[in-house]
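Trainee: The primary structure of each chain is shown beneath.
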Amino acid sequence: MILKSLYDLYERLNEDPTYDVAPPGRSYQKVTFVVVLEPDGSLFDIQDARSSGTGGHSTPRRVLVPGVTKPSGAGFNPRFLWDSPGYLLGWKPDNPERGMMEFESFRDSHVCIEPDVNTPEFTAVCEFLRSWSPDRAASFPILQEIGSGFGVFQIRGRTGFIHEHPDILARWDAREGSTDVAVEAECLVTGRFGAVARLHPKVKGVAGSQPAGATIAGFNDSAYCSYGLTQSFNAPVSEDAAHRYTSALNVLLDGPHRDKHRRVIGGNSVVFWTEKPSIIEDVFAAFVIGDSNAFADAASQDEAIRAKLEVFVTALRHGRESYSGDLDPTEETRYHVVGLSAPTPARIAVRFAHHGTVAELLDKLRQHFRDIEVQRQFTEGSKRPDPEMPSVWLLVRQTARESADIPPTLTSSLFHAIMSGTRYPDGLYSAVLRRIAADRHVNYARACVIKGYLVRNLGMEVPVALDTTRPDPAYRLGRLFAALEKTQLDAHSGDSGRPSINRTIRDSHYSSASTNPATVVPRLLRTYQHHLGKLDGGRKVNRERLVQEILAAIDVIPAHLGLAEQGLFALGYYHQMNSFYTKTADHAETSAN
Amino acid sequence: MAYGIRLEVWGDYASFNRPEMKVERVTYDAITPSAARGILEAIYWKPEMQWIVDRIHVLAPLRFTHVRRNELGSKIPIQGADGVAKAAASGKGALGICVEDHRQQRAAVILRDVRYGIEAHVEIRPAHEDGGPPLPHPEAKHLEMFKRRARRGQFFHHPYLGCREFPAFFRLIEDDEEFPSCPDGLQDFRDLGLMLLDVEYSEDPKGSVVEANRGRRLRATPRFFHARMNDGVIEVPSPSAAWGAA
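Chains as they are written, first to last, in numbering that gives the first Met the number 0: chain A, 0 to 592; chain B, 0 to 245.
These are calculated hints, taken from the structure and not from any lab test.
A quick note: this is a predicted structure, and the numbers were derived from the prediction, not measured.
Note that the Cβ used here is the ideal one computed from N, Cα and C, for glycine as well.
Hints are supplied without guarantee of correctness; some may be wrong.
[Claimed, not checked] Non-contacting residues of chain B with respect to chain A, defined by C-beta distances greater than 10 Å in every case (computed):
#	residue
1	46
2	90
3	151
4	182
[What the hints assert, rightly or not] Okay, derived cross-link-like pairs now, BS3-like style, lysine-lysine, Cα gap no bigger than 27 Å in a straight line:
#	chain 1	residue 1	chain 2	residue 2
5	A	3	B	21
6	A	3	A	91
7	A	3	A	382
8	B	21	B	74
9	A	259	A	363
10	B	205	B	85
11	B	85	A	69
12	A	203	B	21
13	B	146	B	45
Bound-form chain A, shown alone (with noise of 0.2 Å):
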C-alpha cells in the first residue's frame, strides 16, 4: 500500500513543476564544483558552484544530471559528465593511488564513446581528460573546501553545463539500453507483467540513514533472499515503478518542499501527503507533528501560512460544519503519513503508516486536542504563550531530559495512538510521571500528557481546570501541595513581592508528596503554620479557608498512591497554582473564600 500510494502521488508531483521531480534516467544532485574548459579543451579554471546560503555556509547547487545515484560497492562506476573528485580529476587526497584508478575509469569510459557523441563540448572535455593529469588538482584550493560534492564541466564563456546540451543528452539516452538481460515478472505495485528492477534507486533523507542513500527494498546479505532470488529480484517492481516510488519519496523527503511534507521526530522521519494539494497539507508537519523549532516564527512570517492555520484549527475546534467547503474541494482527499526510520544505516524500516480520509483525520485530531485539553499556563499576552493544541513534538519532548534521549518507538507509538484513535502508549505516561518527579516540574505539556493518559487510556472524568468540588483525595493533595508551597512562598517575600527562597517544598519533597503522602503532608501542615502565620490579615484568612476546604473532603492521607493517582496529584497541583497565579481567578477565589 506504501510503495502504491507513492506511485500514485508521483503523478501529481511529476505535473507540479515546483516540486522538481527528476524525469527517469536523470537525478537531482549536489553539485559543489564546475571545471570550466576552453572550447579547445585546455582548463581555464576550477570554480565554487555553491550558493551562499543563510548563516554564512554555502549550500551545494542541486543540478538535473544524466544518471541515477552512484551505487555503492568496490567496483569502478564513472558517471556521464558528473563525477565526484575522485572520477573527475583523480583528486583523492587519501588514497591517491585509488584516485588515479577511478579518474582512469572516468577518462576512459568518455573517451572510448568520443567518436559516436561527436560534439564540440563533448570533444573538449576528451581533450582536457586525456591531457589532465591528477597531481595538477592539488593547485587547486577550491577542492580543499568542496567536501563530498559532485563536479560537472562548463565552457568557459558559455551558459549551461556541458551536460546540458540536447545533442549528448540524446546520444546519451539512445546509448544507455539496458545491458542486463530482463527479468521479466509481475510487477507488486501496478500488477503488470514487465521487466523488473535489479537495484531501486536509492532513497536519501531518512534520519539515521547514511547520506548516499537507503533503500526500502534492499536485500543486502544472504539471509534475506528466497528462492535463490537475489536483490531487489526478491520484490519484484518494475524498473518505472522504482523510479516513480523512489523520486516521489524524495522529493517528499529532500525536495523543494520538504518543510512541508517532512519532519524528523523522536528519530523517525515522518512524511505526510495528501492526494491532492490541500490546507492540511500546508500545515500538518508544523502544526501536528511539531518541531524543535517554534512553529510560531514560521506562522508569523508568513502571512498565507497563518491564514491557513486559523482555518485549520476553526475546522478542529468547531467540527466538520465549520470547515467543508473552506479547507478541502472535498472532504473524502485521502492523506497518507508514514514514519520512516533507519535502525542500519543502508536500510530503511518502517514505523508506521497511516492512510483514511481528511475528514476522518480532523476527527482523529479534534477528538486527540479533546483528550488532552487542558487550561493553560502561560496564555497570550505571555513572552512564549502555551499552545492550545500541541504538537507531538512538544507532548514526546517532555518524555527526556535532552532530546537526544526521547525513546524512538514512543514517538511512533504516539503518532499511531493518535490517527487511529487507540490508547495512548504507556510508556509516555510513566516517563512523564518520571520526569516529573526527577524535575519536579509540572508544566502545560506534561499535564496535557497525564490529563490524556487518564481520559483515554483509564476512562476516567477529569477536569481541564481546576475544580474545587472534585472529592478524590490524590487531587485534592495535590492542590493542598499547591497551596502549602504557595503559602510558603508568600511567607518569604517580603515588601519586594519577589520570593526570596530557592528551594520550596516543591524542591524537597514533592516526590514523596506525590509517592507517599502519609508520610509527608503531616509534616508539612505543620511548618504551613509558621508560614501562615507571616501572611497578613486577608490573604492569610483567605489561604487558611483555602486549605481548609482542600482538606475538608479527605477523610484519610494515603499511605500511597498509584500511578495514575500520581496523575492525578500533578493535575491537583498545576490547576492550583495555575488558579493562584491567574489575576481574575485570584479575584474570584477571594470574593467566593
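Place chain B on chain A using the hints.
Mentor: Then chain B, alone, in the frame of chain A:
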C-alpha cells in the same frame, strides 16, 4: 461450495511479510492466501492434493505493533569453499556461523490479536506425474480426514501465522455453524491493494529452486491479486485464473 472446509484461526501475533519490505518487515493487513494454505497444509496434506483458498474472513479489528529483533545476516552457503557440498564430500569442515560477526537487527511491524476464517477446498492434481492412469477423485476422503484431524487438534507441525514464531490456534467450523460476525470498523468496502496470492513454480532448467523429491529445477514466481475487503471478507481468485497457463 459443495466440497469445502471452514476453519477459524487466531493468534496473539501474526506477520504476513510484504515482499518489498521483507528485510525490515512490514506485514500485509490481512492473512495472505499462501499463509492460509500453509495453515491448512500443517493440519493435513498429501502430495496428490492441493488446497485452494476461496475466501478469507477477517474477524478481528486490525491492530499493529512494532518489534525489533536481533537476527543473522548470512546463510551457510551450499557451494563454495566453505559450503555444505564441499564439507559433505570431504567429510570435514566448519559450517557454523558465529553470531557476533553476522548480527543484524531487523525491525518488524506485525499484527496483533488476529482472528481469521478460512474457506478452502481441495483439488486433486490432474494426473500422476509419471503418466500413469488417472486417479479416482477422492476429494471427499481428504476433506473428511482434514475435518477429523482439525476437530481433534492434530497437525504435522504447529500451524503458524506467516512466520513460525507466531503460532496459530484453530477450530473447525461445522456445517451448521457460521463464522463470527464482522467486527466494528471493518464494515463496508476497503481496498487493501495488491496482495501476494501465492508463489508459482514452473519448470526452468536454469531455475534456482530444486524440487525436493525429484530434483527438477524450478523457478519461483510470486503472483499478486487485488485484495478487496467487503465487510471483512476477501474473495481470493483461484490461482489458475490469476496466472493464465498451467
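Trainee: For residue 151 of chain B, is the shortest beta carbon distance to chain A beyond 10 Å?
Mentor: Holds: least Cβ distance 34 Å, greater than 10 Å.
Trainee: Is the hinted pair residue 85 of chain B and residue 69 of chain A satisfied, with a Cα-Cα distance of at most 27 Å?
Mentor: Violated, at about 37 Å.
Trainee: With a cut-off of 27 Å on the C-alpha distance, tell me whether residue 146 of chain B and residue 45 of chain B pass.
Mentor: Holds, at about 14 Å.
Trainee: Is the straight-line distance between the alpha-carbon of residue 259 of chain A and that of residue 363 of chain A 27 Å or less?
Mentor: holds (20 Å)
Trainee: Hint check: residue 3 of chain A vs residue 91 of chain A, CA-CA at most 27 Å. Holds or violated?
Mentor: Judged against 27 Å, a Cα distance of about 41 Å means the pair is violated.
Trainee: Just to be careful, I want the Cα atoms of residue 3 of chain A and residue 21 of chain B compared with a cutoff of 27 Å; is the pair within it?
Mentor: holds (16 Å)
Trainee: Is the hinted pair residue 3 of chain A and residue 382 of chain A satisfied, with a Cα-Cα distance of at most 27 Å?
Mentor: Distance of about 46 Å is beyond 27 Å: violated.
Trainee: Since residue 46 of chain B was said not to touch the interface, does its Cβ keep a gap of more than 10 Å from each Cβ of chain A?
Mentor: About 20 Å separates residue 46 of chain B from the closest Cβ of chain A, which puts it past 10 Å; holds.
Trainee: Per the stated criterion, does the least C-beta distance between residue 182 of chain B and chain A lie above 10 Å, as a non-interface residue requires?
Mentor: holds (14 Å)
Trainee: Compare the distance between the alpha carbons of residue 205 of chain B and residue 85 of chain B with 27 Å, and conclude whether the hinted pair is satisfied.
Mentor: holds (22 Å)
Trainee: Any Cβ of chain A at or closer than 10 Å to residue 90 of chain B, or is the non-interface label fine?
Mentor: The claim stands: residue 90 of chain B keeps its Cβ more than 10 Å from every Cβ of chain A (closest is about 25 Å).
Trainee: For residue 203 of chain A and residue 21 of chain B, compute the direct alpha-carbon distance and say whether it is at most 27 Å.
Mentor: holds (20 Å)
The structure fails hints 6, 7, 11 (numbered hints given earlier, in ascending order).
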